[in-house]
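K.L.:
Assemble the complex: chain E is given as a structure, and chain A must be docked to it using the hints.
Residue numbers (my numbering), protein chains in the order written: chain E, 4 to 400; chain A, 1104 to 1271.
Think of the hints as simulated: they come from the structure by calculation, not from any bench. Accuracy of the hints is not assured; some may be wrong.
[What the hints assert, rightly or not] Chain E is faced by these chain A residues, among others (derived, beta-carbon under 10 Å):
id, residue
1, Arg1166
2, Pro1175
3, Asp1178
4, Cys1206
It should be emphasised that the depicted structure is a prediction, and the values quoted were computed from it without experimental measurement. Idealized CB from N, CA, C, for every residue including glycine.
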Amino acid sequence: MAVLRFLARPLSRRLRSGYGWVDERAGTTSMLHKGLYEAVPKRGGWAYALGSATLALILLQLFTGIFLLLDYVPSFSQAYDSLHYLETSDRFGAWVRGMHLWGAYVLILVIGLHMLRTFLSASYKRPRELNWVSGAVLFFLTLGLAITGAMLPMDNAGYWTAVVVTNIPHYLPFIGDGIRSLWRGSDFVGPVTLTRTFGIHIWVLPFLLFALIGGHLMLLRRHGEFGSWVNYQTDTDDPEREITERILRAEPPYPTKRTGRRWAAPRDTVDFFPDQIFKDIVISVVLIAVIFVMSYVAGAPLDERADPATLTYVPTPEWFYLPLDQMLLLYPSGYLILVGGLGLVGIGALMLTLLPFLDRSHARAPLRRPEVIIPGLFLALVVVILAVLGANRLFNL
Amino acid sequence: MIRQTRRQALITGTAVGGAAIALMLSIPAIGFVISPLFQARRNSWVRVTTLDSVPMETPTPFRVSVPIDQGPSTDPVDRIVYVVRRRGGQVYVLSNTCSHMQCNVHWDPKLGASGQFLCPCHGGLYDITGLNVGGPPPSPLPPWRHRISTLPDGSRLLEIENQYGERI
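Just chain E, with the same shape it has in the complex (with noise of 0.2 Å):
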């Protein structure tokens, strides 16, 4: 009866009451209230895009590589010509491959510039300094996942990028022939690489990378984007007070309490839904838009098989790894590979962590922070700087 009841009624009400028994139950419209009406900062609106952009080429690299396993074929043998097949007899396989090609392009370049923004903003300071943390250790997981992924295809560039990365722990004094051995299956690059190395770019990593970008959205949600510097100066000549309405007119749940005599709300807020998810789409649509006609037009090269034993093919490093690639030039000879390849580079990847606790000064305008920014630039600058001399040595520019 109380089925009839329910079919008698028109398909709009139907649907109305049939959303309300699963929302009675999952209780799915506060999890989207939850989710959706977060008072966000006005300012800074597009530049907080670029994390959720971040968020979406990730996205879009789980969802091409998931693609990509219809076809290709994680063996020594026949890794090759399953991506051959693909780039020669299957339009839309060459698509989708070259989407996560580019994806994996324009995924670094815009983490490096949402570590820009953050870096500049110091909107690592407390209480996100885990923020930063988890931030930096994202980044390390997908400089890898890009490298392992290089590897699979096992055409030239593939096979030597495979043998000229997994020979970098050798350098490691002890363990390092040990590590290198495990990755490789023996002294040689072979069957056992190829696996180790597809295990770990499809299963390995990416499971680190959503586990950990969960705890990144986490603490996003838990301290809010409140508090990058443009929203600290205080007009009023008691700034304790004025900070203190302001955090009484913000909306709840953030920010729920004062955390130091700093910490305030900004001036003026959006939802988050609808406006900041606008500017969020925007410019992801620009960005997914670029990789859709990108692996279109150019999409991604494959070189000609595999040959260990060619004389002639020049290895050469994925742009996003020149900097690297150009530092151990200026290393020769024995311990200093060590040092200068791995020690320093170790040492600065550590340091680009840590950040939050090198920074402590209570300043966040650029401007007041010299200390922190000139070196950071500097450093910045460098790395291009390497990258394009070894671009230049590698490419003849």
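P.N.:
Showing chain A alone in chain E's frame:
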């Protein structure tokens, strides 16, 4: 007091159970991951050339089909064996694997006084005996593990094993 003890026992039991699961999962998994360290290499000898056909004082590359020493059986892969015969009678059987980043070096007769091995990746240089003489390489070119035997007809046969004579 009794409640507290029971609660404590349940917590300890949960921790012990979790640790037991972790142990049972990690022993086979870690053993699987580190198995290449303990697996016997499938070594085999392959013919390169007869020595007398190699020109003197000229590093000559031979493309040799070498069995892979790891994993499931697959087709052999081609590797380069540079054979160098010196006038003094010494024979060098070099791989073309740079000791720096393991890129593929080649002999360039125009380099140096009478030719050098050049690595295209970072410009490493080696002399005719494989000794590192310039650029970043930390050690000489690794030689192939090799043996020379005299055939019934008097010619000398050069064979290599699918391993380097020195680890780089």
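K.L.:
Does the closest beta carbon of chain E sit nearer than 10 Å to the beta carbon of Pro1175(A)?
P.N.:
holds, 6 Å
K.L.:
Tell me if the interface restraint on Asp1178(A) is satisfied: Cβ within less than 10 Å of some Cβ in chain E.
P.N.:
Interface hint status for Asp1178(A): holds (6 Å vs cutoff 10 Å).
K.L.:
Would the hint on Arg1166(A) stand, with a C-beta cut-off of 10 Å toward chain E?
P.N.:
holds, 5 Å
K.L.:
Would the stated hint for Cys1206(A) survive a check requiring a Cβ distance to chain E of less than 10 Å?
P.N.:
holds, 5 Å
The structure agrees with every numbered hint stated previously.
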